[in-house]
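K.L.:
Model the placement of chain L on the given structure of chain W, informed by the hints.
Protein chains in written order, with the numbering used here: chain W, 7 to 304; chain L, 57 to 389.
A few of these clues could be false.
As the list claims (entries may be wrong) - So, partial list: chain L residues that the calculated Cβ filter (under 10 Å) puts toward chain W:
#: 1; residue: F201
#: 2; residue: A330
#: 3; residue: L362
Said to hold, decoys possible - From chain L, some residues computed to sit far from chain W (all C-beta separations above 10 Å):
#: 4; residue: G137
#: 5; residue: L146
#: 6; residue: D215
#: 7; residue: L220
#: 8; residue: A224
#: 9; residue: P260
#: 10; residue: D262
#: 11; residue: S281
#: 12; residue: Y285
#: 13; residue: R287
#: 14; residue: I310
#: 15; residue: L318
#: 16; residue: H346
FYI, nobody ran anything at the bench for these hints, they're computed from the structure.
Every residue, glycine too, gets a C-beta built ideally from N, C-alpha and C.
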Amino acid sequence: MESGSLSADLLRPPSPRRRRTDKAMRALMWTATGIALVPLVLVLYYTLQKGIGALDAEFFTTDPTGNFLGAQGGVKSAILGTIEIVGFAAVVAVPLGIGVALYLTEYGGKGRLAQAVRFFVDVMTGVPSIVFGLFIYLVLVLAGTGGSTFAGWKGSAALALLMLPIVTRSSEVALQLVPNSLREAALALGAPRWKVVVRVVLPSAASGIVTGALLAVARAAGETAPLLFTATIVKATTFNLNQPMNSLPAQIFQDLKQPNDELVERAWGAAITLIAMILLLTLIAKVIQRRSRAKGAT
Amino acid sequence: MEAATQPMSTGGRPQLGRSPASRLPDQILRLGLTAIAVAVLALLAYFFVKLAIESRLVFEEEGILGFVFANNWNVAASIYGALPLVVGTLITSALALLFGVPVAVAVAVFLTELCPKRVRGSLTIVVDLLAAVPSVVYGLWAFYFLIPKLKPVEQWFADTFHFLPFVAIDSVPGPNYFIAGLVLAIMLLPIVCAISREVLATVPADLKEASLGLGLTRWEMIRTSMLPYARRGIVGASMLGLGRAIGETIAVTIVIGDSPILGHSIFGQGYTLAAVIANEFNEAAANPLHKSALIAAGLVLFVLTLLVNSIARLAVMRSERQSGRPISAGGGV
Numbered sequence: 007m008e009s010g011s012l013s014a015d016l017l018r019p020p021s022p023r024r025r026r027t028d029k030a031m032r033a034l035m036w037t038a039t040g041i042a043l044v045p046l047v048l049v050l051y052y053t054l055q056k057g058i059g060a061l062d063a064e065f066f067t068t069d070p071t072g073n074f075l076g077a078q079g080g081v082k083s084a085i086l087g088t089i090e091i092v093g094f095a096a097v098v099a100v101p102l103g104i105g106v107a108l109y110l111t112e113y114g115g116k117g118r119l120a121q122a123v124r125f126f127v128d129v130m131t132g133v134p135s136i137v138f139g140l141f142i143y144l145v146l147v148l149a150g151t152g153g154s155t156f157a158g159w160k161g162s163a164a165l166a167l168l169m170l171p172i173v174t175r176s177s178e179v180a181l182q183l184v185p186n187s188l189r190e191a192a193l194a195l196g197a198p199r200w201k202v203v204v205r206v207v208l209p210s211a212a213s214g215i216v217t218g219a220l221l222a223v224a225r226a227a228g229e230t231a232p233l234l235f236t237a238t239i240v241k242a243t244t245f246n247l248n249q250p251m252n253s254l255p256a257q258i259f260q261d262l263k264q265p266n267d268e269l270v271e272r273a274w275g276a277a278i279t280l281i282a283m284i285l286l287l288t289l290i291a292k293v294i295q296r297r298s299r300a301k302g303a304t
Numbered sequence: 057m058e059a060a061t062q063p064m065s066t067g068g069r070p071q072l073g074r075s076p077a078s079r080l081p082d083q084i085l086r087l088g089l090t091a092i093a094v095a096v097l098a099l100l101a102y103f104f105v106k107l108a109i110e111s112r113l114v115f116e117e118e119g120i121l122g123f124v125f126a127n128n129w130n131v132a133a134s135i136y137g138a139l140p141l142v143v144g145t146l147i148t149s150a151l152a153l154l155f156g157v158p159v160a161v162a163v164a165v166f167l168t169e170l171c172p173k174r175v176r177g178s179l180t181i182v183v184d185l186l187a188a189v190p191s192v193v194y195g196l197w198a199f200y201f202l203i204p205k206l207k208p209v210e211q212w213f214a215d216t217f218h219f220l221p222f223v224a225i226d227s228v229p230g231p232n233y234f235i236a237g238l239v240l241a242i243m244l245l246p247i248v249c250a251i252s253r254e255v256l257a258t259v260p261a262d263l264k265e266a267s268l269g270l271g272l273t274r275w276e277m278i279r280t281s282m283l284p285y286a287r288r289g290i291v292g293a294s295m296l297g298l299g300r301a302i303g304e305t306i307a308v309t310i311v312i313g314d315s316p317i318l319g320h321s322i323f324g325q326g327y328t329l330a331a332v333i334a335n336e337f338n339e340a341a342a343n344p345l346h347k348s349a350l351i352a353a354g355l356v357l358f359v360l361t362l363l364v365n366s367i368a369r370l371a372v373m374r375s376e377r378q379s380g381r382p383i384s385a386g387g388g389v
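One chain only, chain L, in its complex shape:
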């Protein structure tokens, strides 16, 4: 570093000091970076306040609880009760977790523990590639491939297991909650898998070796030492996936069926908060109440994801602290 010679050559000043002029770039950098960080905070605050202000109209009209829990979304009659949307969001996300998480965790265990070393790297990349397929392409594929292929299966399932709750339906429509849940499951798989993998990789080798040394089989070792150790991190990973599923818009918009009425079956058509915003925004531009209702839907969506993500971060952070290793989500989560 040429800078090292500078203080020496400045004669009269103390040897290790630096002239005020040469300290200037330092202060500029420090102030500049701090300003950027503060600006990000300010932006986020503005973001929240703006959404809250713009959605006030509908909250005044329907009440906050009325908006979230009233089961009537009728644009023509200017009634905005978002319960069908909130429930639709929750149903599709829950289905996504149900289908996606077990597979994602199994894949993560497989990749960390069972997979031959030779193919591990490439297989990991291939699973990560699932995250690289854009949402709209999943929607396109689901609409033209998944829906027609699965319809007979869904109908058979609905007829055979009609005695189960929320399954019976006379005739399964193409787009429905189940399809949306399935697409979401595919989309959250790489996220949950990537974080679970990182968490599983933090399980100490002595723990695994001790289990095997005691004569446990591979699976027993996985079940009794790896999974319990990584439990919190896996829960966190699932919650992050859930957050993603709740906010996912376009793929769901394409396959949900656009029906703002609470479906009675998981094979019924429905709507989600995100999908309603994407679909109705154009027509709502001229109607202040409708527009405000959609912004309120966005706000509810934001609060939902905020809750889920906070819980998730907490869980992942605890599991980080437990293992003392930072866990970074591989897929840019």
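Pulled out of the complex, with its shape left as it was, chain W reads as follows:
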């Protein structure tokens, strides 16, 4: 600073008014963060409080009875149904999503096809899940594809449509983070392109891809709307994906607002189960992400 008066002006400590505003705004942001956490705490606390009573051995080992009076049964069919539907959806969507991402990063580059695919994958991300459900209902359920109307695998198809763009986007990001020097080094050593992709690029991006896939699975596991008119809500446990299949979100939706305390309690119990499953997946994903970031691999 050459001008003495200017520097004196600049170095003057903030006026009390400015300091007060600063303090007030900081306090406001602390408060906002607190407010943001309130719903999470309330949801978890209230769900636990209401539903913990429903969790006994019977809850996990019996199917809903559907009786008007008397014992209502547990949610075995819903838990197994969710695992089956979401599992099958993941089996379809994850490899496809990784495939599209590989095309985009390894082959498509900035070409016109790649740009179009990128744009439409983004479009897909925004499509409401219920619209995917409608689409599957029109294309697979009404047409009776596979000799069934409502079926577990059709629910999987709707969820797979939902997961596909999420897996693609997250895999693409992970693949882009693989340094080009790695690819070039492998190619310069004479490795064919496919080997570079399979043995060098994919393993380097693995943790990012797994994280994205787990988050997509977690997201799909909590979806209700697309399942309502694809897999529907049934009582019995089934391992046949070509039959209507129960799921936890659908069961919660069914039991809620029922004028039967036992059913409502079962809904809360099912909510605990579902949250636990999804939180577990999310936490595993975050831990993998964190670990690989700490390592500096992705």
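P.N.:
Below, chain L alone, put in the same frame as chain W:
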């Protein structure tokens, strides 16, 4: 790589070439991946065309504008004017933005700028966990906890501020636009927060240091250099949240009140496009016009989210270009 020795050992061929047979897997992979990418495009095209074809019946009956802007959804009389649903969707989403975005941005600023380093990581995960609670559980919670707890507050607000537009209502019903907006706000908070955080993290350190060096307080630095720099990205994040809010179905279905009549107050019962599809689909299966009306509702929903998301992506992309850093949405958006 063992492959490196292969070309050398093939004798007669040029040293750096590869035999056609060993090139085959390469071509298979390239073609296979391209086919998958094209298949995704074809699927999406089919998706759009199918929805358009199946909803034609109601558009022929009511006209496209008639369907979207007529204020009469009467299944019994076979009249399908979706205005109450469209407006319901817009009101609940707008409320969600109003409540959710300021908090989300404040949290994002807090996490990037003010939060002690020690708790930053865990706090970030906790905020992200908000996205892990399934929609149906938010609905369940809102129905049994939020509605009864907030009803007296809403009634008091409606009575005290009855002179404001869209507030007055004689008796506040349990499920209403406001509750739905509030639940949506909670649900879009983690999304908006995650992207805003990424955008705020791209603000160059020299910019922040220069502001502080000039003697600005922390808040003044945030207001004059961070927020303006990240503005576009934050707008994009909000729009992505808006897209999510517009399409959200189950939580809203549970707390909206299922009334296909335009409410006169934000505390009135209403309906949204997504909720009407979820609720009426079973009964509509046997009625072609009703079914087609619901599919048309889905199509309108799709177009709405498409518009909002396109604007959002554009905004985020511009802010990406400005900072030269890719912005990925943390929560799998």
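K.L.:
Hint by hint, say whether it matches the structure.
P.N.:
Hints, verified against the model:
1. F201: holds (5 Å)
2. A330: holds (5 Å)
3. L362: Given a least distance of 6 Å, the restraint on L362 (chain L) holds.
4. G137: Holds: least Cβ distance 20 Å, greater than 10 Å.
5. L146: holds (14 Å)
6. D215: holds (25 Å)
7. L220: With a cut-off of 10 Å, L220 (chain L) remains clear of chain W, as the shortest Cβ separation is near 23 Å.
8. A224: holds (27 Å)
9. P260: Given that every Cβ of chain W is farther than 10 Å from that of P260 (chain L), nearest at about 21 Å, it holds.
10. D262: Fine: 18 Å to the nearest Cβ keeps D262 (chain L) off the interface.
11. S281: holds (14 Å)
12. Y285: It holds; Y285 (chain L) is separated from chain W by about 18 Å at its closest Cβ, greater than 10 Å.
13. R287: The claim stands: R287 (chain L) keeps its Cβ more than 10 Å from every Cβ of chain W (closest is about 17 Å).
14. I310: The claim is violated: I310 (chain L) sits with its nearest Cβ about 7 Å from chain W, within 10 Å.
15. L318: At about 22 Å from chain W, L318 (chain L) clears the 10 Å cut-off, so the statement holds.
16. H346: holds (13 Å)
In summary, the one numbered hint that this structure violates is 14.
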